[in-house]
Amino acid sequence: MNRTKGDEEEYWNSSKFKAFTFDDEDDELSQLKESKRAVNSLRDFVDDDDDEDLERVSWSGEPVGSRTRPGSFQSLSDALSDTPAKSYAPELGRPKGEYRDYSNEWSPSDTVRRLRKGKVCSLERFRSLQDKLQLLEEAVSMHDGNVITAVLIFLKRTLSKEILFRELEVRQIALRHFIHFLKEIGDQKLLLDLFKFLDRTEELALSHYREHLNIQDPEKRKEFLKTCIGLPFSAEDSAHIQDHYTLLERQIIIEANDRHLESAGQTEIFRKHPRKASILNMPLVTTLFYSCFYHYMEAEGTFSSPINLKKTFKIPDKQYVLTALAARAKLRAWHDVDALFTTKNWLGYTKKRAPIGFHRVVEILHKNSAPVQILQEYVNLVEDVDTKLNLATKFKCHDVVIDTCRDLKDRQQLLAYRSKVDKGSAEEEKIDTILSSSQIRWKN
Amino acid sequence: MAAHLSYGRVNLNVLREAVRRELREFLDKCAGSKAIVWDEYLTGPFGLIAQYSLLKEHEVEKMFTLKGSRLPAADVKNIIFFVRPRLELMDIIAENVLSEDRRGPVRDFHILFVPRRSLLCEQRLKDLGVLGSFIHREEYSLDLIPFDGDLLSMESEGAFKECYLEGDQTSLYHAAKGLMTLQALYGTIPQIFGKGECARQVANMMIRMKREFTGSQNSIFPVFDNLLLLDRNVDLLTPLATQLTYEGLIDEIYGIQNSYVKLPPEKFAPKKQGDGGKDLPTEAKKLQLNSAEELYAEIRDKNFNAVGSVLSKKAKIISAAFEERHNAKTVGEIKQFVSQLPHMQAARGSLANHTSIAELIKDVTTSEDFFDKLTVEQEFMSGIDTDKVNNYIEDCIAQKHPLTKVLRLLCLQSVCNSGLKQKVLDYYKREILQTYGYEHILTLYNLEKAGLLKPQTGGRNNYPTIRKTLRLWMDDVNEQNPTDISYVYSGYAPLSVRLAQLLSRPGWRSIEEVLRILPGPHFEERQPLPTGLQKKRQPGENRVTLIFFLGGVTFAEIAALRFLSQLEDGGTEYVIATTKLMNGTSWIEALMEKPF
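Chains V and Y supply the protein sequences, listed in that same order. Letter 186 of the first sequence, counting from 1, is numbered 186 in the numbering used here, and no numbers are missing. Letter 197 of the second sequence, counting from 1, is numbered 1197 in the numbering used here, and no numbers are missing.
Hints were generated in silico from the structure; no laboratory data involved. Careful, some of the hints might be misleading.
[Stated by the list, open to error] Some, not all, of what chain V presents toward chain Y, calculated at C-beta under 10 Å:
{"no.": "1", "residue": "HIS244"}
{"no.": "2", "residue": "LEU247"}
{"no.": "3", "residue": "ASN281"}
[Unchecked claim] Chain V regions said to be covered by chain Y (calculated; three or more residues, Cβ under 8 Å):
{"no.": "4", "stretch": "146–160"}
{"no.": "5", "stretch": "204–217"}
{"no.": "6", "stretch": "228–241"}
{"no.": "7", "stretch": "384–398"}
Beta carbons are placed, not taken as given, at the ideal position from N, Cα and C, and that holds for glycine.
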């Protein structure tokens, strides 16, 4: 960092630093004046420190000798202050030259060391860019995040944005601390400027997008999401962000409409199944479920129809079928369930087909407490015999178990199952009939 | 007293006493009666070093939880805020101070930052116009908290995120400071080993801090022979897998916080006849778990499958001991029996508790879903089908299992495949965003930045090389009488602990190739000792290694290290330190993005 004097001047002039300030405790002072304690402490402060150099005046935290100062005057470094100076202490009356003499006592490295020990001391007298940067480098070399942050706050306040950014760019550790600090204090604007400067476009985009989490009003959130579209996300993420916006836009329309329908009390589905919560800000799959539950029969043209959602968001078949199944099963609309898996071929024959596998269909139906006759129908459609038998046993589809054992010619398993059905039940009778049949060639 | 802290090779009670002394000194500075207003997060860690009785002795009369608006009434002279240096807490404190009733008696305010004062926070207090109201503003450097005879933690939940995501080294600085405190109490550690970027930083800070302390030569005979600093990101795999030790499973299922666990009360209802009509207790059963409890110390580190047999053996011993009363004939015999009763009753209580806990855990481990999940994890760790979309994970998403569970498995797959194919990653991402919400883009980005979930670059999968060289997957694992650390995950040997094991014997030179694949530098530093303090080890005497996990450690890893400590010819005993005791779920949660 060897800059010529001229350069320094230039930096200096372009920085935002106004004039050096030191103890600017005006707000605290007025508070302190309110109580006796404060007055005492001020007296202490003046008495104690009258003969000491300025720096010692403004740090605190360390007990001074063995004396205990009742309510010792605590002040934070003027390095951290934003308010202009107020003169109330005799030190402030000192001529500038004299002040300079005092200020030169602490080098940047001394200052950093003192900060680290929890002593608060003035950073304001580091006026040249070179000094400021040395201060930062000292802080970084100490690795103490607290001190690094303190110095960064000082630099943030006294350097112009352009210079600060440029210098941080070549100091990666300090830069990372600065970014963390900005996130911490929520200075979103400066953070975005910084990412822009550093050309870290994806972080810029994500950081901007992140803000939507703090916007509660759906209309405002939607408008905000709109501003995210077109930001430099990765190609994949761009599509997701667009979908996020579109989804909320839809939800707002659906919500307004359904709230109206519900309160009018004319629509059966809302009367029978009042909505538990608003659909706003719910994930896509939840929205699809909602639409399959309340708007299943709607034509594709409406925003709330499941088919429309499927097309708009390119929801894969599997996902769609799973969700629709869960919704219709919950309503016990078995006819819809049936239709979901029925396909007609060109000759008009119907066939059952499930992109998710019928074992999954059975599980979902069971979860929604479908009656045995319905379950049985779908258990029978499971292709793998072992899985079929397992499911049938698990969900007590007796007929399926019995028929499957018979088809497998598995006498042992059938015998074993006999003990599991109720005594004197129709199932037991059926098993007995099969067991005594002479038509079957048992394999065991 | 915390006797269990002194059972180990290193007496950690010394550290506990030192931090207690510091606390007393601070309390005495604020003369007169006091009320403490707590940052709730701190009460757990503080509970490990001081009971209420200690505070009471120093005139603490009331305790409150830090909350907005006005402070509760308390007729005390001092109000002390015990807080972490966090901005949002400063806002609450300011609210408290500003709404103080000025007509009432004047109360003195103080603030104690744990573990450090923060200039940023003080600035915030100043902006809110209350900074001048505090008489004492100090810090209490509770960096390393003793949890057990061989275990220290900083309990800093944000450490991993700060270090590996934000690049903020503050928690590393605290780690280094904690290590300096340890050296002040237990002597200079002559040798430092490390692996990883953060490890390197901490070693640098320690060396620098030591230089600054010149003048005050440490004259304490060194207790530790060496220090091993390990970055969590050197081994991202281990915490993702489900821990299968007893303590590990308790943590996975119920979460252990500051050595306490809260359990569903039903299983702990007193079994008395005739009061069937009584209501079951509704409040969670809270138990402390540490080696002060003999039975727990014995079973905590076992594979869960080996716990049942120990419990039933204990049950037999205890009932036999109670039967002894029939044999006691003489007064002397009866007297002896009676003198043993309290111990026996405690043992019986402890046995009853752990039998209940084991039952609770068994309900989970025998479930179909647990089995399926474990199967997938073990397939990934042994290198099977890590490169394609996994059916089980897909099902978990479709059934909307907790997102943390899905992410944990997904990260495991990614780590075991050195990243996923872009196509596979994109598919998972899409499923997750559509099912759990688009805002999780932010979380996925964090996971990617931390290296947990990423696209494969260069198309090369290094995991098989690492797995084979470090013998991370062991097919023949003995859960009952283990011969290798892999028992803690029923087959998978935690990478981090394997590194420690290989360092102690035969040394890292044997695995140079793998060390180069793993992220960050590996290094060795020596801290010279004056001749008077150099140790002459007796033949057969074990070395003591302090192993510091930067970014967190799991109970299963701790169990594996204890296993190594107990090996007869192991040659090394371990004391474990970490920034946070964690498991895969708490880890992922810490990386998830929440509103500001």
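Status of each hint after checking the structure:
Contact between V/HIS244 and chain Y, as hinted, is supported at the beta carbon level, the nearest pair being about 4 Å apart and thus within 10 Å. Of the supplied interface hints, the one on V/LEU247 holds, with its beta-carbon coming within about 7 Å of a beta-carbon of chain Y, less than 10 Å. Contact between V/ASN281 and chain Y, as hinted, is supported at the beta carbon level, the nearest pair being about 8 Å apart and thus within 10 Å. With 5 residues carrying a beta carbon less than 8 Å from a beta carbon of chain Y, the stretch 146–160 of chain V meets the three-residue requirement, and the given coverage holds.
For the stretch 204–217 of chain V, the stated coverage by chain Y holds: 6 residues have a C-beta nearer than 8 Å to a C-beta of that chain, and at least 3 were required. For the stretch 228–241 of chain V, the stated coverage by chain Y is satisfied: 4 residues place a CB nearer than 8 Å to a CB of that chain, which reaches the threshold of 3. With a cut-off of 8 Å between beta carbons, the stretch 384–398 of chain V has 0 residues touching chain Y; three or more are needed, and the interface restraint is violated.
Hint 7 from the earlier list is the only one contradicted by this structure; the remaining hints agree with it.
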